[in-house]
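Asks: Residue strings, one per chain:
4 protein chains.
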Amino acid sequence: MKTKKVTFLNDPIYGFISIQSPLIFRVISHPWFQRLRRISQMGLSSLVYPGAHHTRFEHALGGMHLMQEAIRVLKKKEVSISDKEAESMQLAILLHDIGHGPFSHTTEATLAGIISHEEISLHIMNKLNEELKGALDVAIAIFTNQYHKKFMHQLIVGQIDLDRMDYLKRDSFYSGATEGNINSKRIIEMMAVVDDQLAFEEKCIYSIEKFLMARRLMYWQVYLHKTSISAEFLLVKILQRVRHCFENGISPSLSPALGFFMSQKIGKSDFSGEALENFLSLDDSDIIQGLKTWQYHDDFILSKMSKMLIERNLLKIKIQTYPFDPSEVDLKIELLKNYSFKESDYQNFVFTGSISNQTYVPLDKEILILLKNGKLTRLQEANPFFSSNELSQIQVKYYLCYPRNTNLS
Amino acid sequence: MKTKKVTFLNDPIYGFISIQSPLIFRVISHPWFQRLRRISQMGLSSLVYPGAHHTRFEHALGGMHLMQEAIRVLKKKEVSISDKEAESMQLAILLHDIGHGPFSHTTEATLAGIISHEEISLHIMNKLNEELKGALDVAIAIFTNQYHKKFMHQLIVGQIDLDRMDYLKRDSFYSGATEGNINSKRIIEMMAVVDDQLAFEEKCIYSIEKFLMARRLMYWQVYLHKTSISAEFLLVKILQRVRHCFENGISPSLSPALGFFMSQKIGKSDFSGEALENFLSLDDSDIIQGLKTWQYHDDFILSKMSKMLIERNLLKIKIQTYPFDPSEVDLKIELLKNYSFKESDYQNFVFTGSISNQTYVPLDKEILILLKNGKLTRLQEANPFFSSNELSQIQVKYYLCYPRNTNLS
Amino acid sequence: MKTKKVTFLNDPIYGFISIQSPLIFRVISHPWFQRLRRISQMGLSSLVYPGAHHTRFEHALGGMHLMQEAIRVLKKKEVSISDKEAESMQLAILLHDIGHGPFSHTTEATLAGIISHEEISLHIMNKLNEELKGALDVAIAIFTNQYHKKFMHQLIVGQIDLDRMDYLKRDSFYSGATEGNINSKRIIEMMAVVDDQLAFEEKCIYSIEKFLMARRLMYWQVYLHKTSISAEFLLVKILQRVRHCFENGISPSLSPALGFFMSQKIGKSDFSGEALENFLSLDDSDIIQGLKTWQYHDDFILSKMSKMLIERNLLKIKIQTYPFDPSEVDLKIELLKNYSFKESDYQNFVFTGSISNQTYVPLDKEILILLKNGKLTRLQEANPFFSSNELSQIQVKYYLCYPRNTNLS
Amino acid sequence: MKTKKVTFLNDPIYGFISIQSPLIFRVISHPWFQRLRRISQMGLSSLVYPGAHHTRFEHALGGMHLMQEAIRVLKKKEVSISDKEAESMQLAILLHDIGHGPFSHTTEATLAGIISHEEISLHIMNKLNEELKGALDVAIAIFTNQYHKKFMHQLIVGQIDLDRMDYLKRDSFYSGATEGNINSKRIIEMMAVVDDQLAFEEKCIYSIEKFLMARRLMYWQVYLHKTSISAEFLLVKILQRVRHCFENGISPSLSPALGFFMSQKIGKSDFSGEALENFLSLDDSDIIQGLKTWQYHDDFILSKMSKMLIERNLLKIKIQTYPFDPSEVDLKIELLKNYSFKESDYQNFVFTGSISNQTYVPLDKEILILLKNGKLTRLQEANPFFSSNELSQIQVKYYLCYPRNTNLS
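Protein chains in written order, with numbering that gives the first Met the number 0: chain E, 0 to 408; chain Y, 0 to 408; chain P, 0 to 408; chain R, 0 to 408.
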């Protein structure tokens, strides 16, 4: 008997995820992709949502699975997609997040500075493409929006894309915040392509409304959960302090790869070569091992903050819709009077800033609706709900972090 | 307005888990308990079931939640349980697994040798009890089965206990192996206590059957999945090799705590004190950081094996119901002829052994059924299904691990 | 051994529903309550959502289950609720919908005319109360909002009440429109009582937003699904035609109870006595048997419409946000030119009208938010999202029904 | 823009079910198929599992959906299936249960006597085939196992077939007996075809074990639930009494179609023609309307039993593994001493009999396993578990039904 070999991965959300070509199999097996198994998808959110330990690896596979669904639906609707294009669409979404560092977004700005994870993804894709002798050319063109069939890029990067669909479903599933679950099946079934642009059939406008509202809810309730961002600010402060220690010649013990990034600032132009190589060996465990070691470092501030994070003894945090009065900040600084900190050190334990989110962006990356009469329109015209100011404006909130009491531990 | 403070934790399986006393809150907040956030529940299973990144922390909380349910049901059936006992039952299940090391069972035998994780749990509970001035006395008595109300221990350690209920549900949920999901609500609702022994009402015998079969299935399909055990054997071999390197004076770089256990053998009597302290600072990240470093160690075998595990380039594995013929093993050793290994080094890459499981153990820790007429009987008498030899005998399978080809990488 | 008897009902949504007192058991066992097993919860929606065959019986039990949860949460927060009050709150929600007729809302206006299902519920509760010698006094006071603890009524009839929570979850579950699922656990956990009024803790405002949006979505996408309302209009027209036949002396064959309501108009004052007795023997099967018989009635219009509904050969329906132009209606009437209808008969097959829904009603039955500082505020002040006009205004849409083609079959 | 029209049906279990050809669309729209919307899938089980109101309509569609999945999997494994065959496989499973009468199995033996629902299905398929001018020829050949590719029939009628997969999933979903849920995705992915026979890849033997055990559990716990069978026996007794009344010239009022079957015995040879026509207009509502009317019939036994069923005031039932002693039956008959019944009338309220089930049938319709080495073997050889006597023998239990007390109401 002859049985064509199909490879499956188990997934608690979709049941099975199939790997549909040897090239895709090879990319998934590559050590750079396997590294994603060690990068938490939701940063430090597991400190608030204990089930949320899932990684960028599952998310990338989930995106690929939804891409297979979208391709199936669009082909059934007689959108022309060649086998090569289908494979490249899957590769593009599979690799779109490969540039994430430890704890995903949490360390992004601190670690590699001005270089975004998307740029790093592109560096890695290019390097992998060399190794694969150009097999990723089309995937890279799609990822960078240089491919002529625009909808292929829009499926990966848009206001309603497969990346977002998977992370909303997945983050909702693992966190238990069931409100974020969205009906990806329905939205994908309603996809259409008009003049190479992605559009959605009119009868799914309530599912789209639900999608945008679910994302809004996940931002305010989960991603920007106050305890979670308090933990993430703490980690950022710790990495800045490590850098500060390096500058002051009291280098903390850490892994070589993490040391590479902590002991110097990397410019955009330097990122290929040695920097990229070091980046590709980083994962969550470099940070955790660092934190565990730094608990006992001589620098009081570094050791204190590291111990706080390891033991989940976080700063308190207050959130409001208007900026904090400086006098309130000063009152909190008072809590630290037991310590002979320098002025500049206070800001490790008492600091303020803002967070923001926007439910629907009317002008950028339009969501197009395909009306029953065959015409296209923009979402906010099909559903007056989205002309609401509250939804289309950026919403800003302000936070103030401070110690629980006058004794930091 | 006066609102009594109740603390909740999110859980994707039960929705919310409530913390019902300040003492329980204090124990959960303790750094030793927080460490469980960094110990994978299912060892290296996430290499096969990518969603299975959950930790001992969630499992311990889940067990506590089911204990709250069981207490509620039993009190409704007028079983006498004081507030102090209810708190202690929760503490006992919360702490029953606190003695797990990195990747749970995977490193258990290699790391602390002859000391089981249950013994370490007891060491930690005793130490914590000192800190808490005896507040855990009853919990410890329950855990060690010295408390006169035997059913309290049986709820934690038995053939159908809350520990198993939570891990079957949880491991099934995160792995996506839905066959392992069991109806904990129904079984708990059917619990009864007769003469201080735990029993189950007759009308749930099919749910019990389902429970035992689900556990059987999870063992053979998930816990003993061949790829997963291949990975775990590899990790064991690696740790043994690290120990070997220490003995030969070429100590690999590793965290101090891991070094403590790799550089010496700890006897049962030595485990309190320094050993326990080191144990309490170990978690998965010590192993992952070790593996990443050891990839570049001078010892060829250590570096090769570490690289294989980090890159998920595992040994092949074959499983059968009878022992492997030595000639078949020799044929696999042939694959290594390119390498000038010593005789004793072959066994790092080609080795054989056995795994086993038993669905129902007729004599040990009886499952008691409460008949409608008020009498007790044993499960195998209430349901003839369990007199089946296949279920009550230990089932053994044999495995053979070997490299993919003559080139180890 | 002594085991207190607890009765359970299976429920696919909550697992088990427990019956907590002999009085409640007696009410549920009563033939008038058992009748709800034969009344579809969602009218004719199963013609569009084939899984939606659930009945008022399960919904009433589900509401009671959520009431038990709410009572548990509020008592934990030290809200005073006596055992008698707790029982009455459960009875009130259990019975609040007992006045529904065949296919719930679908036949409400046609069958008993100006008497709403809530009024009929009250008639039945009063009659049952006589039989139970006043045991329902408190339940009826709560239902009619005459009880001094207002929150007890608000839990049953409000903008966020347990009735709505259960029907959103349940209708979403059975229809497969997963977007309507809401997190009842979280909202109930956040309930509070201030000055005998129901309020919600501030940190659940996004769950409330989600709840109101889920309800909005269920209205537009499911309850007002165009095919579903087309079927319901058809049934209404059929019942009107049956009445017309009675008036013209060509009485169609039907069950005595249905005949009672079709052969005369019942006034408000007449509803107790004979009318109520007949009402209590009506259920979906009276309508279905009627339709099946009427397919062969001499009145062409009645037989045609009945056959259409039984065979699910429905009128086409068009929906838009502005009224239909009379000329468009006339064009559709043209389709009927083959038939020698009287002028007044056209309106059985071509008719227009409007449907509406309102997401949030700012003034009526306020949703109160309990701020962290202990003060109360109104939802639209805590969450600016709800000041959106789109949400707080009644939204109206217009429909036009017409035959598929010039041949009615 | 050109969009190929695809029709979807909502389904709470699979999300969407697609209709893949105009012929299938036409069959589903046919009044004979639409009738299945009014036939309960699980008989009277909703009296025990209140959520279980689903119908044969959804089940038939669900089976078609799984057939689409199986076709997709097998084609990927290069099993040759033409478009015509694929359509016919879907039609065959869609129509396999179309011969069910009111409440499915419950009325089967009483209504049409010796003619099984499979035979009636075939009658209806043949009649429909005439109307469709032979379009169902292949579907009928598959259904009757006359098609040369045996696996197509085995997918519909076997020990592990798509019919069973759907009903286990569906009945488990709606009843809330979660233990019956099976992993249809996994089993279907593991299907193979060898020499035109259906086989399953070796690595799913634990899923198959789970499947057979889930079915066993659903039988004993759900389908043969004692209260549920007590209700079903009551309905059977009622229909027999109706027949008895007809024979004695005191015909109860009922629908013409039901009257057709109650007033005469239909032989196998008479079933086409008038009998079939009457059968096709029967559904659950004929029975319910009958019961409601018969409550007031002059025959005391008929009215008593009808009232009992409508009000869910069922006979008590006792179940045991050995036959009941006649003296125990006599004791129960004593309960009826208040009534001046004839000897032969007692058996309406006190009766005994047996129920049975078999988990795995070793010889009939073998389950074939495809070993990794490419050879075929039988399930009981691949998994020693199934050589267990308990599983392969028919298990029998005995029941005794009797009134609650000496007063029948």
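The reader is advised that the hints may include incorrect statements.
Intra- or inter-copy, both count: the list cannot distinguish identical chains.
Cut-off 20 Å, straight-line C-alpha distance, at most; resulting in silico cross-link-like pairs (SDA-like, lysine to any residue) [said to hold, decoys possible]: (1) Lys-149 with Thr-6; (2) Lys-74 with Gly-258; (3) Lys-75 with Val-235; (4) Lys-267 with Gln-196; (5) Lys-202 with Ile-318; (6) Lys-74 with Gln-19; (7) Lys-148 with Tyr-218; (8) Lys-315 with Leu-223; (9) Lys-149 with Ser-252; (10) Lys-132 with Lys-374; (11) Lys-315 with Phe-24; (12) Lys-75 with Gln-19.
Think of the hints as simulated: they come from the structure by calculation, not from any bench.
Predicted model, so just to flag it, every value in this text is computed and none were measured.
Asks: Does each hint fit the structure? Answer for all of them.
Replies: Hints, verified against the model:
1. Proximity of Lys-149 and Thr-6 under a CA criterion of 20 Å is satisfied in neither setting, with 30 Å inside one chain copy and 27 Å between copies.
2. In this assembly of identical chains, the alpha carbons of Lys-74 and Gly-258 never lie at most 20 Å apart, being 49 Å within a copy and 53 Å across copies at closest.
3. For a Cα distance limit of 20 Å, the shortest separation of Lys-75 from Val-235 qualifies neither inside one copy, at 48 Å, nor across copies, at 39 Å.
4. Taking the shortest alpha-carbon separations for Lys-267 and Gln-196, neither the intra-copy value of 32 Å nor the inter-copy value of 59 Å comes in at or below 20 Å.
5. When the C-alpha separation of Lys-202 and Ile-318 is checked against a cutoff of 20 Å, the pair qualifies only between copies, where the shortest distance is 11 Å, while the shortest distance within a copy is 38 Å.
6. With identical chains, the CA atoms of Lys-74 and Gln-19 are at most 20 Å apart both within one copy (16 Å) and between copies (14 Å).
7. Within a single copy, Lys-148 and Tyr-218 get their C-alpha atoms no closer than 31 Å, and across copies no closer than 37 Å, so neither meets the 20 Å cut-off.
8. Taking the shortest Cα distances, Lys-315 and Leu-223 sit within 20 Å of each other inside one copy (15 Å), while across copies they are farther apart (44 Å).
9. Taking identical chains as interchangeable, the C-alpha atoms of Lys-149 and Ser-252 are never at most 20 Å apart, the minima being 48 Å within one chain and 50 Å between chains.
10. In the homo-oligomer, the alpha carbons of Lys-132 and Lys-374 never lie at most 20 Å apart, since the shortest distance is 43 Å inside one protomer and 40 Å across protomers.
11. For the homomeric pair Lys-315 and Phe-24, the shortest alpha-carbon distance between copies (18 Å) is at most 20 Å, but the shortest distance inside one copy (46 Å) is not.
12. In this assembly of identical chains, Lys-75 and Gln-19 lie within 20 Å of each other by CA distance both inside one copy and across copies; the values are 18 Å within and 11 Å between.
Going through the hint list in order, the structure does not satisfy hints 1, 2, 3, 4, 7, 9, 10.
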